[in-house]
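Here are the chains, one letter per residue:
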Amino acid sequence: KAGVTQTPRYLIKTRGQQVTLSCSPISGHRSVSWYQQTPGQGLQFLFEYFSETQRNKGNFPGRFSGRQFSNSRSEMNVSTLELGDSALYLCASSLLAGGSHEQFFGPGTRLTVL
Amino acid sequence: AQSVTQLGSHVSVSEGALVLLRCNYSSSVPPYLFWYVQYPNQGLQLLLKYTTGATLVKGINGFEAEFKKSETSFHLTKPSAHMSDAAEYFCAVILHDDYKLSFGAGTTVTVRA
Numbered sequence: 001k002a003g004v005t006q007t008p009r010y011l012i013k014t015r016g017q018q019v020t021l022s023c024s025p026i027s028g029h030r031s032v033s034w035y036q037q038t039p040g041q042g043l044q045f046l047f048e049y050f051s052e053t054q055r056n057k058g059n060f061p062g063r064f065s066g067r068q069f070s071n072s073r074s075e076m077n078v079s080t081l082e083l084g085d086s087a088l089y090l091c092a093s094s095l096l097a098g099g100s101h102e103q104f105f106g107p108g109t110r111l112t113v114l
Numbered sequence: 001a002q003s004v005t006q007l008g009s010h011v012s013v014s015e016g017a018l019v020l021l022r023c024n025y026s027s028s029v030p031p032y033l034f035w036y037v038q039y040p041n042q043g044l045q046l047l048l049k050y051t052t053g054a055t056l057v058k059g060i061n062g063f064e065a066e067f068k069k070s071e072t073s074f075h076l077t078k079p080s081a082h083m084s085d086a087a088e089y090f091c092a093v094i095l096h097d098d099y100k101l102s103f104g105a106g107t108t109v110t111v112r113a
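Sequence order for the protein chains is A and B.
Position one of the first sequence corresponds to residue 1 (the numbering used here), numbered consecutively onward.
Position one of the second sequence corresponds to residue 1 (the numbering used here), numbered consecutively onward.
One or more of the hints may lead you astray.
[To be verified] So the derived label-pair ranges between C-beta atoms look like this: (1) B/Leu20 <-> A/Pro39: 40 to 50 Å; (2) A/Asn77 <-> B/Val29: 32 to 42 Å; (3) A/Gly84 <-> B/Gly16: 40 to 50 Å; (4) B/Ala54 <-> A/Pro8: 33 to 43 Å; (5) A/Ser79 <-> B/Thr110: 31 to 41 Å; (6) A/Asn71 <-> B/Ser12: 42 to 52 Å; (7) B/His82 <-> A/Arg63: 16 to 26 Å; (8) B/Leu20 <-> A/Phe69: 37 to 47 Å; (9) A/Thr7 <-> B/Leu20: 33 to 43 Å.
It should be emphasised that the hints constitute simulated quantities derived from the structure, not laboratory data.
Nothing here was measured: the structure is a model prediction, and the numbers come from that model.
C-beta: ideal position from N, C-alpha, C; glycine also.
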């Protein structure tokens with residue numbers, strides 16, 4: 001079974017631009033979560049989607065948004081990029097069935113904002 | 001409030017020595033507990049998890065962890081370190097009725113030959 005895939009793997013943008021990141025979960029997984037990883041703040045939760053509904057959102061400004069499609073694929077968007085948005089963005093999928101709570105991570109998208 | 005505390009941001013061990021990474025959580029109800037490993041330029045890989053049942057959990061690559069409710073701890077151990085264990089390790093929790101992982105700050109493991 002294929003793992004979580006994220007595209008693109010690397011992105012370079014300039015301040016003020018916007019960016020869209022994509023995540024394809026493991027087949028059959030309906031929950032997709034997004035995390036931001038930076039050296040200063042560590043791993044922080046952005047949001048979680050299940051069956052196209054956002055169920056949980058972390059403490060990030062409204063410039064960060066996401067959505068999930070009917071096939072469970074998810075995208076996140078960051079508008080008006082700031083230098084501090086440079087980070088590794090990780091997507092994780094979860095089955096959430098039978099008491100299973102583990103999340104499986106993709107390789108991440110490395111975003112650099114210049 | 002910080003849910004997970006990892007003691008020690010860096011641990012250096014000799015090849016063949018015991019690896020011990022400490023993790024404590026702060027929750028009145030024991031959460032679901034996880035250890036993840038991250039190699040350079042990669043995502044996170046699940047090492048092991050505790051949800052219910054046996055408190056000693058065995059994971060991949062020879063790692064194991066013991067859930068101790070009285071100590072609110074979930075320390076990770078490996079009896080004999082290999083060079084390939086050099087990586088960053090994260091302890092994480094999911095609180096009941098929640099869907100997000102809360103991570104500790106991470107511990108970087110260096111293995112000396």
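Now the hints, each set against the structure:
1. B/Leu20 <-> A/Pro39: 40 to 50 Å: violated, 25 Å
2. A/Asn77 <-> B/Val29: 32 to 42 Å: holds, 35 Å
3. A/Gly84 <-> B/Gly16: 40 to 50 Å: holds, 42 Å
4. B/Ala54 <-> A/Pro8: 33 to 43 Å: holds, 42 Å
5. A/Ser79 <-> B/Thr110: 31 to 41 Å: holds, 40 Å
6. A/Asn71 <-> B/Ser12: 42 to 52 Å: holds, 45 Å
7. B/His82 <-> A/Arg63: 16 to 26 Å: violated, 43 Å
8. B/Leu20 <-> A/Phe69: 37 to 47 Å: holds, 44 Å
9. A/Thr7 <-> B/Leu20: 33 to 43 Å: holds, 38 Å
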